[in-house]
Amino acid sequence: MTTDDHPAVQEAATVKKASPEQRAAVARTLARAFEDDPILTWMLHTSPGRQRILQRFFDLGLRTLWLPQDECYTTERVAGAAVWELPGQWKTGIGTRLRLLPAMTSILGRHLPRAMRSLTVMESHHPTEPHYYLPLIGVDPDWQGQGIGSALLRPMLDRCDAEAMPAYLEASSERNRALYQRNGFVGTGEITLGKDAPPMWPMWREPVHAEG
1 MTTDDHPAVQ EAATVKKASP EQRAAVARTL ARAFEDDPIL TWMLHTSPGR
51 QRILQRFFDL GLRTLWLPQD ECYTTERVAG AAVWELPGQW KTGIGTRLRL
101 LPAMTSILGR HLPRAMRSLT VMESHHPTEP HYYLPLIGVD PDWQGQGIGS
151 ALLRPMLDRC DAEAMPAYLE ASSERNRALY QRNGFVGTGE ITLGKDAPPM
201 WPMWREPVHA EG
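The opening position of the sequence shown corresponds to residue 1 in our numbering, with each subsequent residue numbered one higher.
What the hints contain is simulated information worked out from the structure, not anything from laboratory work. Even glycine gets a Cβ: it sits at the ideal position worked out from N, Cα and C. One thing to keep in mind: the hints can contain errors.
DSS-like mimics (lysine-lysine), calculated; alpha carbons at most 27 Å apart, straight line [what the hints assert, rightly or not]: (1) Lys91 to Lys16; (2) Lys91 to Lys195; (3) Lys91 to Lys17.
Label pairs and their in silico Cβ distance ranges [unchecked claim]: (4) Pro127 to Gln10: 21 to 27 Å; (5) Gly189 to Arg159: 22 to 28 Å; (6) Arg159 to Ala25: 36 to 42 Å; (7) Glu174 to Val9: 21 to 27 Å; (8) Leu119 to Val9: 34 to 40 Å; (9) Leu86 to Leu119: 16 to 22 Å; (10) Arg177 to His209: 20 to 26 Å; (11) Leu119 to Pro141: 22 to 28 Å; (12) Arg154 to His45: 33 to 39 Å; (13) Gly187 to Pro7: 30 to 36 Å; (14) Pro20 to Gly194: 33 to 39 Å; (15) Pro87 to Pro38: 25 to 31 Å; (16) Arg52 to Gly194: 20 to 26 Å.
Taking the hints into account, I'd like the entire structure generated from these sequences.
Here it is in C-alpha cells:
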C-alpha cells in the first residue's frame, strides 16, 4: 500500500462543507472526539451519559448557530469536523442566550450555570479585531493522529490567507495546541474558566501572505 492509498490520506482528501443532512453524524463524531476533553470533563464532571449530553449539545449548536453560517467542514465518512464562525458572529448576545435557554437547560441540567459562566469568561477574552473563529474541531478517536485535523483546518485557513483575515481559537489540551501550532497559530496567554478548571490557551493566527 502506498501512502496515497492509506485510508486516512484518502479520507483527508474528501474534506467538504457539512450538509444539514449530516448534522446528526457530525454531532456524534464531535461527542466522541470531545468525550475526554479536559474542559468538558471539568464542566460536566463524570455525569452518566456524558457522551449523550455532548451529542445533544453539539446537535443544538449545529442546528441553531453553526450550520446556518455555512462554514462547517467534515469528510466523506464524517471522520471529524471543524466548525467556524464568521467575523463578528462569535458573541452570543442576550437574545440568543434567552432563545436557547430552554434547550440548554434540558441538555445540561445542573451543569448549565457553570457552562454559561464559562462562556462569559471566554467571550471576555475574545479579541475584538475582525477574524474567523474556530470554536470547535474534533476528530473521531479512530481517526486521530492521521492528518485529518490539519486537513479539516485547511479550507478556512486558505480562505483566511486569501482574505488577509486572522483566525482565533482556544486550545483545551496540549495535543490540540501542537496541532494548531503546526498550522500557524501562536499562543497569546492562558484562560481559567473557574475554580479547579484546567487551563485553556487562546491562540491567534495571522494570515500568510503569498509571495508575488
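Hint-by-hint comparison with the structure:
1. About 26 Å separates the Cα atoms of Lys91 and Lys16, which keeps this hinted pair within 27 Å; it holds.
2. At roughly 24 Å between alpha-carbon atoms, Lys91 and Lys195 fall within 27 Å of each other, so this suggested pair holds.
3. For the proposed pair Lys91 and Lys17, the alpha carbon gap of about 23 Å is at most 27 Å, so the pair holds.
4. In this structure the supplied range 21 to 27 Å is violated for Pro127 paired with Gln10, their Cβ-Cβ distance being about 37 Å.
5. Range check, Gly189 to Arg159: about 26 Å between beta-carbon atoms, so the 22 to 28 Å window is met.
6. One distance hint, 36 to 42 Å for the beta-carbon pair Arg159 and Ala25, is violated here, with the actual separation near 24 Å.
7. The hinted window of 21 to 27 Å between Glu174 and Val9 holds, with their beta carbons roughly 25 Å apart.
8. Between Leu119 and Val9 the beta carbon distance is about 37 Å. The supplied range of 34 to 40 Å therefore holds.
9. Hint check: Leu86 to Leu119, Cβ distance near 18 Å, so the stated range 16 to 22 Å holds.
10. Evaluation of the 20 to 26 Å hint for Arg177 and His209 yields a pass: the beta carbon distance comes to about 24 Å.
11. Take Leu119 and Pro141: their Cβ atoms lie about 26 Å apart, and the range 22 to 28 Å holds.
12. For Arg154 paired with His45, a C-beta distance near 35 Å keeps the hint of 33 to 39 Å intact.
13. Look at Gly187 against Pro7: about 33 Å separates their beta carbons, and that is inside 30 to 36 Å.
14. About 34 Å separates the C-beta atoms of Pro20 and Gly194, a value consistent with the hinted range of 33 to 39 Å.
15. The hinted range of 25 to 31 Å is satisfied by Pro87 and Pro38, whose Cβ atoms lie roughly 28 Å apart.
16. With their beta carbons about 24 Å apart, Arg52 and Gly194 fall inside the hinted range of 20 to 26 Å.
The structure does not agree with the numbered hints 4, 6 stated previously, though it agrees with the rest.
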